[in-house]
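Chemist: Single-letter residue listing:
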Amino acid sequence: MIEDVTVTVPRRTDALLEMSGIVKRFPGVLALDGVELDVRAGEVHCLLGQNGAGKSTLIKILSASYQPDEGEILWEGRQVALTSPQAAMALGISTIYQELDLVPDLSVAENIFLGHEMSSAGFSQRGATNRRARELLERLGHPEISATRSVGRLSPAAQQIVSMARALSQDTRLLILDEPSAVLDHGEVDNLFRVIRDLTVEGVAVVYISHRLEEIRQIGDRITVLKDGRTVATGLAVEDTPTSELIKLMTGRSIEYVFPQRGDRPSATGDPVLDVRGLELSGVFSGVDLSVRAGEIVGLAGLVGAGRSEIIETLYGARRASAGTVRVLGKELRRGSVVAAVKAGVGLAPEERKSQGLLLDQAIYRNITVSTLGRFSRLGMLDSRAERRGAREVAESLDVRPAGVDRLVRLLSGGNQQKVVLARWLLRECRVLLLDEPTRGVDVGARTEIYALIRSLADSGVAVVVVSSEVEEVLGLADRVLVVREGRVVHEGPANEIDESRVLDLVMEGNAA
Amino acid sequence: MSDQSTNPGTSRAPDVGAVENPVAPTGDTVEVEQAAARTEASTSSGGLMSGPFGRNLGLVVALLLICIAGVITAGDRFASVDNVMTILRYGSTIGVVSIGMTFVITGGGIDLSVGAILALSSVWATTFATQNMAEDTHWVIMVIAALAVGAGCGLINGVVIAYGKVVPFITTLAMLAAARGLAEIISERKTQIVRVDGFKDFFSSEPGGIPLIVILFALVSLLGWVVFNRTTFGRRTLAVGGSPEAARLAGINVNRHTVMLYVLVGVCCGLAALMLVSRTSTGSSTHGGLYELEAIAAVVIGGTLLSGGRGTIVGTVIGVLIFATLTNVFTLNNQDTSTQAVAKGLIIVVAVLLQQRLARRSTST
Amino acid sequence: MSDQSTNPGTSRAPDVGAVENPVAPTGDTVEVEQAAARTEASTSSGGLMSGPFGRNLGLVVALLLICIAGVITAGDRFASVDNVMTILRYGSTIGVVSIGMTFVITGGGIDLSVGAILALSSVWATTFATQNMAEDTHWVIMVIAALAVGAGCGLINGVVIAYGKVVPFITTLAMLAAARGLAEIISERKTQIVRVDGFKDFFSSEPGGIPLIVILFALVSLLGWVVFNRTTFGRRTLAVGGSPEAARLAGINVNRHTVMLYVLVGVCCGLAALMLVSRTSTGSSTHGGLYELEAIAAVVIGGTLLSGGRGTIVGTVIGVLIFATLTNVFTLNNQDTSTQAVAKGLIIVVAVLLQQRLARRSTST
Amino acid sequence: QDAENENNGDDTPVAAAGSNDEAGDSVTIGFSAPAADHGWMAAITNNVKALEDEYPDVDLRIAEGTNDVNLQISQVETFINDGVDAIVLLPFDGAAMTPIALKAMEAGIVVVNVDREFDDPNAARVTVLGDNYGMGVSAGQYVCEQADGNEDAIVAEIAGIDSLPLTQDRSQGFADALAECGLDVDARQAAEFTVESGEEVAANLLQAEPKIDFLWNHDDDQGVGVLAAIENAGRDEFVMVGGAGSANAMREIQDGSGVLKATVIYPSTQGADGVKLARLVLQGKAMSDLVEVEVPRTVQLYAPVVTSENVDQYIDSAFES
Ligand SMILES: Nc1ncnc2c1ncn2[C@@H]1O[C@H](COP(=O)(O)OP(=O)(O)OP(=O)(O)O)[C@@H](O)[C@H]1O
Ligand SMILES: Nc1ncnc2c1ncn2[C@@H]1O[C@H](COP(=O)(O)OP(=O)(O)OP(=O)(O)O)[C@@H](O)[C@H]1O
Ligand SMILES: [Mg+2]
Ligand SMILES: [Mg+2]
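Heads up: the sequence lines are chains A, B, C and D, in that order.
Here the first sequence is numbered in my numbering, starting from 1 and rising by one per residue.
Here the second sequence is numbered in my numbering, starting from 1 and rising by one per residue.
Here the third sequence is numbered in my numbering, starting from 1 and rising by one per residue.
Here the fourth sequence is numbered in my numbering, starting from 1 and rising by one per residue.
Chain A with its partners taken away, still in its complex shape (with noise of 0.2 Å):
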């Protein structure tokens, strides 16, 4: 395939964009300092670095959401000052942002439209836009959104790719992508290739964002990448750079294994620390059996949209399951309650890290101790300082970066962030714990840490739960897998006796009849 690419392409090697000399101060950081990029027509540019490094920051600048301090800007070798997102789309600067920017009670059309939509004298052309949208995503292969839908019902999935029209909606000349991947399982991103392989060949180019490194290999052209606000190399050729040499420019060290060894494992043959018979949430899921040891992680593999999540967030008490019962440690939890769960020593990472797992505006001590208060307190009265200490030793231990656990969650790096989610079960010593896509947005390295984490967890007695939509995490990190498929588990064994091709049969099995 990527010869394919290389070969149909047009070169063209005269710059489209070039930044230079890009710093971006926030208070008390220094998000960017003197970063370089440039952009070719007709090229997919990727852009890695760590979290954090500063990815999303050049790229609002690039889409004139935010105002650079100092550096220039020169959009076909003529310097440009990029003052609103409208001069940016002016430009044909059309952006796909990390977060999903889009507004949940508007029309999939008229979200696709927003901002330049096709009106007559202020009147929407209602009919004229829905047809434009149609077009738009059959384009995108996805002729089964209906454009009248409101986006809110949409998966996320299915958001990815109304964004994805959205930017294609304009005139674009050069596509932003801050990790479009991040939600999409194999199939959607395979597509989503299709699509910037097409754009590419009208000459448009794309800027190209993920932590995935094997999808820069599929899809890209030339890396720049972003270490701490700088640019450390610039046009590498992706052909000529092995990847492990890209972990290493992106976080100046070299990792070896990504998925830490399994141990030999001697709880794994005693008692079920989490039983779950019979679970059902009517219309979503049925007749889930799950039983995980001590020491055991067990990986839920499957589609976007299969049910995973949702089987977890029952068994949690999140949702209240129509059948079937949950037992920790042989105690059957009470339906429908967190709370209870939570007492019995269940802990959830949730899917959506931001908006369910974390409370952004409040400091990283106080997220990690908000499901252990009791133990900071005497009659209701918290002792912060032990809270402190206690919030402090887990945040060390976990390496959560940058140190000081009275920074607000928001201000972290994505894996940071998960991070804390994790610090917060960690302290509270549960004996399961529930992990829904951990590494979702997460760069290699603390990838790495996270699921040395997860299994070192899993070595001191817990019993854990993934979800993850990537097969290869899901094999690597797991040691027994589920299959879900439409709401039912259709296969379970063993880790180390399946690979990543029959997973991906059993998980497409009808969909493709």
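Hints may contain errors.
[Claimed, not checked] With a Cα cut of at most 25 Å, we get these calculated DSS-like pairs of lysine-lysine:
| no. | chain 1 | residue 1 | chain 2 | residue 2 |
| --- | --- | --- | --- | --- |
| 1 | B | K190 | B | K200 |
| 2 | A | K227 | A | K248 |
| 3 | D | K261 | B | K190 |
| 4 | D | K103 | B | K200 |
| 5 | D | K103 | C | K200 |
Since the hints were derived computationally from the structure, they do not count as laboratory data.
Based on these hints, arrange chains B, C and D with the ligands on the given structure of chain A.
Modeler: Only chains B, C and D with the ligands this time, still in chain A's reference frame:
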């Protein structure tokens, strides 16, 4: 430097997709369903008749129940054309204000100063100066005065909120105090009587047997519906209220839009002031007392989300009618104020509960 | 990144700094920047005194300006112990309600029924039955009655909001109507005069020359501060208001906590009712008129975020004092109500703008 | 019906008033007033309600009290729709209710205007007025009497809701009467007719004026709060005059130990008087003590000053606030 333009993910959770994501288990099991129900409803906004009807089923049922109560307790006294006109005339003023309020609330704001702006507009339109000018030229001068005062107050609200970044609640609370105070100063606390006959004649006319102010309310509702659902302004209002950051990134001038929303509600207050002036033939600093609460209540009961991003004009109109009819039925039955207040409190809560349950049922099948 | 991690003093920063975020909520786009500024401030805040002070600098300045205006225009009549007591006595009732309101708003809710609950509590505590009972037994019965009524109303609010999923605005609006109506029915719209001497003697006592109700306000503020900043309850309130969903998934019983918040504000209303009963020596269904707006205004001016998740007791107390002092200065200068209203409107907006600018400056250096 | 016939045939010359009270044709009378948010207004409505039992021939329709002119207009519209025989209207704002009153008159309904006057004489068949200006004058004259030539006396005034015309009238009357004896109002604040506002305003006012000689408070209901503030402040150097004439205030005057020495009556029976007059007009009766065969157009009630000397005379008819 441009600190204002450089902020992502502002006051709302930045991840829009996640905030109102139906997949997310919001609140608790009940709420998830509600969210689903609500979104479902708004997707089907295709047809005018089918959409609003299903969505507002609970409200319509509540209104019907009140009407039935009216017929049972007051019979023909309730179910007569005259009485219906009485209800409509009564609901018109607050109705026009509520339509404007629907826009502001949907756009993520709130306006506590509507009653005060109404009072100020009414006083300004009826000052001797204005009336003298109107006599010399044309009574339209009074109309222009009222609308201009409303728009001006709205403009001040909007600018302070959008550019001064003072929260709407505080800004409009301050405007409430200031506008009513100014109205008192201008009128010297006297009720100002309208002496311009053309004005009175025009506004109290009843073309086709329907009072002009009722026609005005109908027109404003219709216009409001069209603007809300069929124009870019209306759609952008939803975007600004639902996700100001997304709206900004989409190239919408959120600040300017916010200002326009407050000007719009200000103009509505000006129009309502004219309606009230014609109805009472006076301008007074006491006009429009507690209209803010009544308008907000009608809007919210109608199904508009108080936190912005979701609104319905049809719901607001039904909400206004519910309150007006309720009051009428109470009057017909000679109820004393206190019992009314208690009953109203109960009915409000029951109506909302009913609305929620029915909306869920009607969309989950 | 590295400059962040080497930031000194993070580990020894006392928690106060982080508890009450220093920056007033300012509209939309400036917020992230402020968030950053806040961390900065909280990491470097030295002690108890500097924390609240710097954070509320704008408010303190506003209060000082008003005091200076008072001294200039009214001289010793303003700057006397008696006058300070007058101001404090005046601010105490609304102050106690505002402390409760701070909790509810921080917890993501709002309570429009505070005034009505206060009225109902006052009437219930002073019904003849109770007074007769009190004469037979002890006036403490009246105290218990007032607090119990407040708690009961709060309980109803809380249950309807938390379990019925009716939005707080509508629920408490309904309670406003219902409680005031009930108060009128119970009192038969008569002002009920307190005849129990023990009660009057106790509440109008002035231990150490300070009126008891002022002492009560101080105690409630102190208690409120401790609960807000130093207990698990306060911490959970912030969590529930900041992100109810995240709080729920962290194992907090959000519904129960919400109910407790409304009970708490209800009890505050009950206490405020007792204070008002002792101050006016009457119970009346008209007590507490418009307290909802005044309390919310004081809370929001103080810097508590109307959308929840961030609050400050110190700010609320200063907010209450600003309003009380302002009224006092106006009265000392014999200003009429209209001028007062206009000036108040302006001052509110200016105070908030000042607060925002100063808070930003003081934390971004 | 029997009673009616009896009445018609009854020519006993005893008390003409008595014959007016006897049952006549059945009449339907609508009554609407502002919100009963303070004692005096509540007394108005209560006095009207009491008539329902007194006159079996009157079918009384009492609409919800309201301070929203829009709503009050719609209440009158409802009365017109209902075809009541008479409407007794105590408007929140007289001028604002004029158009609808005119409409009612045009519809052949007898409109009785109570307390706050319409701006068109044709809008009412009978107008029952309290004398707000006269009330101020009475209070002012009493103060002048007590001041006894002392032109330096410090006079304070606590008014009612300032945006109501009646408050303006009272204050005007007060100021005019004071001017007669060379006095003027040194401090004036407006409360809201509620106990609480009375207390708040008085507390601040007392602070503002370290020494007061006379204090006129427009309304005895808010006066309860004013008295509480005075007690809280421990002040007793002045003479206070009340307004409206609640039973409470009269007991206070009777007791004589407090600062409240007098109150100016503002009859709370106006509404009831209006209903009675409406009934007479409808039944074609006259005010029997007058020679006139029709009910007069305007009845203005008297605003007497009640002091410890004549309090016994008034206390029984006073309203409980
Ligand atoms: N609005 C802001 N205020 C303060 N600091 C900010 C702001 N936005 C970003 N930062 C900080 O700037 C740095 C760069 O953030 P940025 O979001 O660009 O990283 P990123 O490379 O996109 O990371 P990720 O891979 O996690 O998306 C981080 O340290 C972040 O905390
Ligand atoms: N509240 C809701 N309203 C409507 N549809 C919903 C709701 N919650 C979930 N769904 C739908 O149910 C299906 C299951 O979603 P879910 O997120 O559980 O899948 P998943 O396997 O966890 O996928 P992912 O990898 O995205 O987490 C999806 O199609 C989703 O859109
Ligand atoms: Mg990023
Ligand atoms: Mg999921």
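Chemist: Run every hint past the structure and note whether it holds.
Modeler: Tested hints:
For a cut-off of 25 Å, the pair hint linking B/K190 to B/K200 stands: about 20 Å separates their Cα positions. The hinted pair formed by A/K227 and A/K248 meets the criterion: a straight-line CA distance of about 11 Å does not exceed 25 Å. Proximity of D/K261 to B/K190 is assessed by CA-CA distance (about 32 Å); at most 25 Å being required, the pair is judged violated. Distance hint between D/K103 and B/K200 is fulfilled; the C-alpha atoms sit about 14 Å from each other, no more than 25 Å.
About 53 Å separates the Cα atoms of D/K103 and C/K200, which puts this hinted pair outside 25 Å; it is violated.
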